[in-house]
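Number of protein chains: 2
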Amino acid sequence: MEYKISDNLASLKPSAIREIFKSLTDPTIISFAAGNPSPLSFPAKELGEISADIFENSAAAALQYGITEGYPPLRKAVAERLQNKFRIGREFDTTIITSGGQQGLELACRALCNPGDVVLCENPSFIGALNAFRAVGAKTVGVPLHEDGIDPAELEEALIAYPNTKMIYLIPTFQNPGGTTTSAEKRKAIYAIAKKHSVMILEDNPYGELRFAGEDILPIKSMDEDGIVIYCSSFSKILSSGMRVGFVCAPDAIVQKMAVGKQCEDVHTNQFFQMLCHRFMTERDLDGHIAKIRTLYREKCTLMLDMLDKHMPKEVHYTRPEGGLFIWCTLPDGVDMNAFVKAAIAKKVAVVPGTAFNCDTEAPSQSFRLNYSTPSDDDIRRGIEMLGEVAREMLG
Amino acid sequence: MEYKISDNLASLKPSAIREIFKSLTDPTIISFAAGNPSPLSFPAKELGEISADIFENSAAAALQYGITEGYPPLRKAVAERLQNKFRIGREFDTTIITSGGQQGLELACRALCNPGDVVLCENPSFIGALNAFRAVGAKTVGVPLHEDGIDPAELEEALIAYPNTKMIYLIPTFQNPGGTTTSAEKRKAIYAIAKKHSVMILEDNPYGELRFAGEDILPIKSMDEDGIVIYCSSFSKILSSGMRVGFVCAPDAIVQKMAVGKQCEDVHTNQFFQMLCHRFMTERDLDGHIAKIRTLYREKCTLMLDMLDKHMPKEVHYTRPEGGLFIWCTLPDGVDMNAFVKAAIAKKVAVVPGTAFNCDTEAPSQSFRLNYSTPSDDDIRRGIEMLGEVAREMLG
Chain E
1 MEYKISDNLA SLKPSAIREI FKSLTDPTII SFAAGNPSPL SFPAKELGEI SADIFENSAA
61 AALQYGITEG YPPLRKAVAE RLQNKFRIGR EFDTTIITSG GQQGLELACR ALCNPGDVVL
121 CENPSFIGAL NAFRAVGAKT VGVPLHEDGI DPAELEEALI AYPNTKMIYL IPTFQNPGGT
181 TTSAEKRKAI YAIAKKHSVM ILEDNPYGEL RFAGEDILPI KSMDEDGIVI YCSSFSKILS
241 SGMRVGFVCA PDAIVQKMAV GKQCEDVHTN QFFQMLCHRF MTERDLDGHI AKIRTLYREK
301 CTLMLDMLDK HMPKEVHYTR PEGGLFIWCT LPDGVDMNAF VKAAIAKKVA VVPGTAFNCD
361 TEAPSQSFRL NYSTPSDDDI RRGIEMLGEV AREMLG
Chain G
1 MEYKISDNLA SLKPSAIREI FKSLTDPTII SFAAGNPSPL SFPAKELGEI SADIFENSAA
61 AALQYGITEG YPPLRKAVAE RLQNKFRIGR EFDTTIITSG GQQGLELACR ALCNPGDVVL
121 CENPSFIGAL NAFRAVGAKT VGVPLHEDGI DPAELEEALI AYPNTKMIYL IPTFQNPGGT
181 TTSAEKRKAI YAIAKKHSVM ILEDNPYGEL RFAGEDILPI KSMDEDGIVI YCSSFSKILS
241 SGMRVGFVCA PDAIVQKMAV GKQCEDVHTN QFFQMLCHRF MTERDLDGHI AKIRTLYREK
301 CTLMLDMLDK HMPKEVHYTR PEGGLFIWCT LPDGVDMNAF VKAAIAKKVA VVPGTAFNCD
361 TEAPSQSFRL NYSTPSDDDI RRGIEMLGEV AREMLG
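Chains as they are written, first to last, in this note's numbering: chain E, 1 to 396; chain G, 1 to 396.
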């Protein structure tokens, strides 16, 4: 039988990164391609202790169906943490649990966008979000990402050019893939422009707690007096990515519709791990644990930057992140980025080509993304040295 | 700000059952309204033992990102079980893991349906599936459910009346809410009609392992030589509903697109519980465990039927299921079903009104759904006695 696939999914390709992830079964490849947190960032021993207690004392509740919006004690603990850490959450806001931050992004788009509507995104941006928007039939349009975030004037131009824009999607802190952080001034200006044009902001903050240098900058959601910001984040980078527990804080009217969508997708998020997260948050030292992850990533990022400084030709540009998981490298004009990535994989070093992150899937890119949280220190040393060799060969 | 919700989600209401579930916090209410498996059906002790071992020996893998299609050893174990138990899975089929059976149903519709397309459903049918189809913009059209399944001739009439039908959604075994099972003859006839009209069948089989009386009937998928059946099921009713682990077996071309959709929704299913399911399947006695659940549900169903026989006026009709979780009761014409349900809740007994399961959300119903897996034996005795009182009062 010839299958007729829906318009929304017919043209959509699997994420290049997830595909690369699948192909990385060759243990001799040094991978800078993943977006995985370090396995050292999972507090396995403590999670195991709490888990044993849940199986002993609360198994029936932990293994049974739960409420779509999430395990109430976890929702409360997350709402309190968002308030205390980030000054997020006003009277009109509601916090719900999602199956990873990904589901929050996807549900926000399902709640707001009809096919053909536009989502303005930083360009480049997170491929998982871009694909989720496309799978709803929305069009992803890029606003160029600079070292301190998108330019508010360029954002307003795009809003005027695309009057059917329903959402502005931003990762203001430690952007993926850019590794950049939007300045406080730009955050204010972006918020004002969104308000002026009555367009919602979808703020994605999966890496916000992973700052290892510089000063904290509050999320855009912290200034949301008008109920125009949907805030998504998750426990993936601070407790466990494989458990798929994230959260959304957004105006209640939007959250209600997102919950209806969530009910259709998976009824609710894994109940056992919701209880595990709640117990860890309230009984253990989450901040102390995060401090350890920050130290780890500071060391790994510094090592990778040191190696890049040492081995990369000076014509190759790269960001110097203050947190998060990624460094964004840009080759000089005239060098073929795809050829570079292929030459690297021939030397058994994997990076993600920048084209994967483009809002316009046909657009070229001079850049590639490096991840420093997953590889071992030794792999960082050897892998970057080899990337340097490839670059020197190609730059002649 | 006035929010503009997308067309697909704007009119969609949360599932009546999930809403009833939320409101059942009053511990004095006897609830026959849930669709929950009995907490006695969760092998908590054994899951706890395996869990401890995973935290001890495989924590890094269990807490890390996984592959969208699912944990490979679990996919293999599920595919083998489907083959051995149900003769399901041909060369062109692929088995993937989903976040509960619900996600499989939703992804099938996302993969095949554009807004306005029709999904033919048994009427009444599972509200979670109906809402998932509606959330994609598909139209749910009912084909009347009889004691032995839908009528093939009526199905063909509907296919002719709705030429933009993309999918036929069926729960052939222990239907929810009907408690009915489609006969082997009808399954064959339905398959032949779907093939003739080149329309896919979405077969939902969450209760298929819960037969406690009568003879096994193979799923429609077992006769799928033509690659026209998408088969969805889950571990919710045999290991744990709260963990949200389900699976799909369908032609690879369809599964590929469903996986792209899944990547957008939640990246992958909780990795830890995928490993837990795999270990339970391969190291413990899953069939022995299911045998215990069958015995439990046989006893509970028999008790509820005995009480109905004793207390219900003979004008009230109810199905006599051979498995699954539900009994479907129908009041005689002229009795107001909604008034009955309200009178029952006034006596602190909750049931689900049949209107919740209608394909046409505006259509009336004379029926209500009873669940026997969740309530205690004592609650079954007292609750049915009270429902009998309400019925006698209303029938005069």
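A couple of the hints might just be wrong.
Given that identical chains are not distinguished, each listed pair holds provided it fits within a single copy or across any two copies.
[Unchecked claim] Think about it this way: if two alpha-carbon atoms lie no more than 20 Å apart in a straight line, the pair counts; the simulated EDC-like pairs of lysine to aspartate or glutamate are:
1) Lys314 - Asp379
2) Lys4 - Asp226
3) Lys196 - Glu215
4) Lys139 - Asp7
5) Lys85 - Glu315
6) Lys342 - Asp226
7) Lys45 - Glu91
8) Lys45 - Glu56
9) Lys195 - Glu2
10) Lys314 - Glu91
11) Lys4 - Asp252
12) Lys4 - Asp117
13) Lys292 - Asp360
14) Lys85 - Glu393
15) Lys196 - Glu2
Just so you know, the hints here were simulated from the structure itself, not pulled from any lab data.
Quick caveat, the model's predicted, so the values are computed rather than measured.
To see whether the hints hold, each was checked on the structure:
no. : hint            : in the structure
1   : Lys314 - Asp379 : neither (22 Å within a copy, 76 Å between copies)
2   : Lys4 - Asp226   : between (43 Å within a copy, 15 Å between copies)
3   : Lys196 - Glu215 : neither (29 Å within a copy, 66 Å between copies)
4   : Lys139 - Asp7   : both (13 Å within a copy, 16 Å between copies)
5   : Lys85 - Glu315  : neither (40 Å within a copy, 62 Å between copies)
6   : Lys342 - Asp226 : neither (48 Å within a copy, 40 Å between copies)
7   : Lys45 - Glu91   : neither (37 Å within a copy, 42 Å between copies)
8   : Lys45 - Glu56   : both (17 Å within a copy, 8 Å between copies)
9   : Lys195 - Glu2   : between (47 Å within a copy, 12 Å between copies)
10  : Lys314 - Glu91  : neither (51 Å within a copy, 53 Å between copies)
11  : Lys4 - Asp252   : between (37 Å within a copy, 13 Å between copies)
12  : Lys4 - Asp117   : between (24 Å within a copy, 12 Å between copies)
13  : Lys292 - Asp360 : neither (38 Å within a copy, 55 Å between copies)
14  : Lys85 - Glu393  : neither (47 Å within a copy, 58 Å between copies)
15  : Lys196 - Glu2   : between (48 Å within a copy, 13 Å between copies)
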